[in-house]
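Novice: Residue strings, one per chain:
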Amino acid sequence: DAGVIQSPRHEVTEMGQEVTLRCKPISGHDYLFWYRQTMMRGLELLIYFNNNVPIDDSGMPEDRFSAKMPNASFSTLKIQPSEPRDSAVYFCAVTKQGAYNEQFFGPGTRLTVL
Amino acid sequence: AQSVTQLDSQVPVFEEAPVELRCNYSSSVSVYLFWYVQYPNQGLQLLLKYLSGSTLVKGINGFEAEFNKSQTSFHLRKPSVHISDTAEYFCAVSDPVEYGNKLVFGAGTILRVKS
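As they're listed, the protein sequences go chains R and Y. Residue numbering for the first sequence follows this note's numbering, beginning at 36 and increasing consecutively. Residue numbering for the second sequence follows this note's numbering, beginning at -9 and increasing consecutively.
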């Protein structure tokens, strides 16, 4: 298996534009997490899914952020409209039931909002 | 609430010297403990984990960690570091009773290995 795949790896956009980040999880891993990492705030959990259903979205900063998991092979994190303070590295991670919550991370998407 | 404290934000060390990165967590009945490493411009990669059994666990790249229940600590050690160990290291705790399937991460420790 190729591991967690994220795209794009880098995204530069202008304030006000819509941004969509994508994640392809490892097959058979039924929990998917979206994190944001910044120098100021460190690693923050935004939302996580179990079997494609959102379980906890308490970390989503505001209504401009939304996440979906239409099937077990794909998830998106959307920011609309984007703002400069959204600039960060966004990670997708997965785990599976019985794995003691050991998570496998993707390589991340570095987002820059100008 | 579960919390994870990494006592040092940065640790500078010379190549071939030993290093210890400290991690303390708030007490709970049953926790699982992890150390992750993040190299520049990469995702987090698992170094090692403690689930049960022997309190000394060995991981990749020559790292090891010791679970100390009475001290609620899980310090990471390496007897001789290399330049390539320069990275950020994160301690993480899984507390299924309190946090379900989430991991609680420490703030990270940047290890800088100097020649």
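It should be emphasised that the hints constitute simulated quantities derived from the structure, not laboratory data. Any given hint might turn out to be false.
Far from chain R, by Cβ distances over 10 Å, these chain Y residues were calculated [said to hold, decoys possible]:
| # | residue |
| --- | --- |
| 1 | 0 |
| 2 | 60 |
| 3 | 74 |
| 4 | 86 |
Now the stretches of chain Y that chain R is said to cover, found in silico as 3 or more residues with beta-carbon under 8 Å [as the list claims (entries may be wrong)]:
| # | region |
| --- | --- |
| 5 | 1 to 8 |
| 6 | 91 to 105 |
Keep in mind it's a predicted model, so treat the numbers as computed, not measured. The beta-carbon is built from N, C-alpha and C at its ideal position, and this holds for glycine as well.
Novice: Now tell me, hint by hint, if it's right for this structure.
Specialist: Now the hints, each set against the structure:
With a least CB separation of 13 Å from chain R, residue 0 (chain Y) remains clear of the 10 Å interface cut-off, as annotated. Distance check on residue 60 (chain Y): its Cβ is at least 22 Å (rounded) from any Cβ of chain R, clearing the 10 Å threshold; non-interface status holds. Interface exclusion of residue 74 (chain Y) from chain R stands, the closest Cβ pair being 18 Å apart, more than 10 Å. A beta-carbon of chain R comes within 10 Å of the beta-carbon of residue 86 (chain Y); the shortest separation is about 7 Å.
Given a C-beta distance limit of less than 8 Å, the hint that chain R covers the region 1 to 8 of chain Y is violated, as 0 residues qualify and 3 are needed. Counting residues of the region 91 to 105 of chain Y whose CB falls under 8 Å from any CB of chain R gives 6; the rule of at least 3 is met.
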